[in-house]
Amino acid sequence: MREITFKDALVEAMQEEMKRDDNVLVMGEDVAIYGGAYGATKGLYEQFGEERVRDTAISESAIAGAAIGAAITGMRPIAEIMYIDFITQAMDQLVNQAAKMRYMFGGKTTVPMVLRTEGGAGRCIAAHHSQSLEAWIMHVPGLYLVMPSTPYDAKGLLKASIRDDNPVVFIEHKMLYGMKGEVPEKDYIIPLGVADIKKEGSDVTIVAYSRQLHVAMEAAAELEKDNISAEVIDPRTLKPLDLDTILTSVKKTSKLVIVSEGYKTCNVASEIAMLVTEHGFDLLDAPIKRVCGADVPVPMSPVLEDAAIPNKQNVINAVKEVCQ
Amino acid sequence: MKESKEELSGYLRRMMDIRLFEEKVMELLAKNIIKGASHLYAGEEAVAVGACSAIEEDDYITSTHRGHGHCLAKGGKLPEMMAELCGKATGYCKGRGGSMHIADVTKGNLGATGIVASNLPVAVGAALSAKMRKTNQVVLCFFGDGASNNGIFHESLNMAAVWRLPVVFVCENNLYGMSVAAKRCSAVQDMADKAKGYDIPSMICDGMDILDVKETIKKAVERAREGDGPTLVECKTYRYFGHSRSDPRAYRTKEEEKEWRNKCPIKQFSKKLIDNKILTEEEIAQIEKQSEEAVESAEKFAIESPYPDVKELMDDIYAPSPADLLNGGAIR
Ligand SMILES: Cc1ncc(C[n+]2csc(CCOP(=O)(O)OP(=O)(O)O)c2C)c(N)n1
Ligand SMILES: [Mg+2]
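These protein sequence lines map, in sequence, to chains A and B. Counting from 1, position 323 in the first sequence corresponds to residue 323 in the numbering used here; the numbering is continuous, with no gaps. Counting from 1, position 37 in the second sequence corresponds to residue 37 in the numbering used here; the numbering is continuous, with no gaps.
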């Protein structure tokens, strides 16, 4: 099968959905002429024109809010917030408008929009450009949350997100845009709420998503040498969360390690751990372990940045602890 | 010119320091000695140096993501800046912040920020503080044309106007916010017009002419000190490099770039000083050489400095609380 980059997979997903449905539009800072800060909208402006691919001012709140207004009146906007760190400015619109409208209006409206944004550390660009704030989104009833780890998943999940009638926050890791992977040329979608077992195993379950999935995979490969067989699960969508796949795996392995780049306190991993405890306490042979980002503003200096986010060795250590 | 020869050559030196510093940063970015992002100030030197020469040492500034020029103009030091950009322990912020977070609070530089427009309300708060503490200090608040489209800009101007605070809003209009031309994303082209809605006076100056910037800001600073409230000063300027290192600059023409290169604030000012017989060409060359040497030695300092100790990763997140306010303190 042909291989394309993560960012080209995103471009293709938007391209195909814009061709399929005239109501799909793209807006955000530098998405048109520049093609997106990380190139994830490259070529869309040339192909679909300025009516449907719109550069905006630096107005995050209005970008999110205008997407909502367009969505409840018949369009299917894809709004881009350049870095998730700037989502703070769009949070009021997302949390108080997008997330709540359908419920508060008695189920009489839908908000079919995607807010694409980029997150994570790894480029030494410090505390305002390196955060993993997905836990904030997962916390709020009414929002869906998607965080793909491969080009294949990125394309199929973005297409599903665009076709979904709910507000979806779609977070892309900045270190994944250049990653290549197999992506079929035919039209396909990956439904929201379906986890993927990226590696089968029998001794321990590792749940990891976005860039940390790859860290977990590297750790799992190394653990094989020590005869520890890890099953690696990528939830792919954190909301809806495919808890069944995780529980089925834990039933087999009896041990669970969860990896996330976000701050450890109130991390997505904390929620997953609690859900597994609530629904599968008896399946566990050892306490669940979290491997998360440090509770510190992500520092710029390469040595500090590295120390602030999980690495392969952290995952290996956690696995060995639960497997003792 | 009413300034002394010493003052005028000081301005020239500062502008050259900024230019040569930024060119060096560009070089070190290409070599990956500086990692991460750096937004360079080259082309806009007259704004920071002109504006900061119109205030006193104990006045405040707030900076932006394009903050190297502001820091140097407010009396910042080249070695500490360069070390910070390289993520070294000897940098202004112990290497934690890099280019977008430089602060030098001892010099009244309340800091850069990676979030566009986010320092406008901070400047308003600093001005409120100066007013309430009756210190007669003013705040110069730098921000870009792009920032003036953000909601916080409007909230900040309104609050400063209502409370008649001693803040000068300095808009560095370089025609673009990243790739998006002001023409394509701002309803008005003179950002100064945006002051009207808040009954704040505004002025426009030539951001490539240091003395024009200085005189204009000076008037605004005087108003602020008199207790007459905020002013918006728009400086028309241009950034010479791309927005960041990976920017192919497809959104602007080579002709436009050339036109603005011809207005180079350093060349213009040098010519003015020669024409007015204040400095000779040799003296100017001498100043440039001093700048070059200073930048070289800053580079050396930065490269030879150690990285921060990883053991310090979790330091300084919180200020130490007085013992009795913490769990386990005297008060239960
Ligand atoms: C809230 C926010 N949105 C977007 C960005 C990304 N970004 C960084 S600088 C910039 C352009 C800023 O334009 P302007 O205010 O005119 O300043 P200039 O870069 O031209 O000096 C953008 C969009 C950001 N850092 N913060
Ligand atoms: Mg600008």
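Just so you know, these hints were derived from the structure itself, not from any lab. We put the beta carbon where it would ideally sit given N, CA and C, even for glycine. It is possible that part of the hints are untrue.
[As the list claims (entries may be wrong)] With the C-beta cut set under 10 Å, the calculated list includes, among others, these residues of chain A facing chain B:
{"no.": "1", "residue": "I58"}
{"no.": "2", "residue": "A127"}
{"no.": "3", "residue": "L241"}
{"no.": "4", "residue": "L243"}
These are the hints, each one checked on the structure:
The beta carbon of I58 (chain A) is positioned within 10 Å of a beta carbon in chain B (closest approach about 5 Å), and the interface hint is therefore held. For A127 (chain A), the interface hint holds, since its Cβ comes within 10 Å of a Cβ in chain B; the closest pair sits about 7 Å apart. Evaluation of the L241 (chain A) hint against chain B yields a violated restraint, the C-beta minimum of about 30 Å exceeding 10 Å. Here the hint on L243 (chain A) is broken, as its CB sits about 33 Å from the closest CB of chain B, past 10 Å.
Of the numbered hints given earlier, the model fails hints 3 and 4; all others are met.
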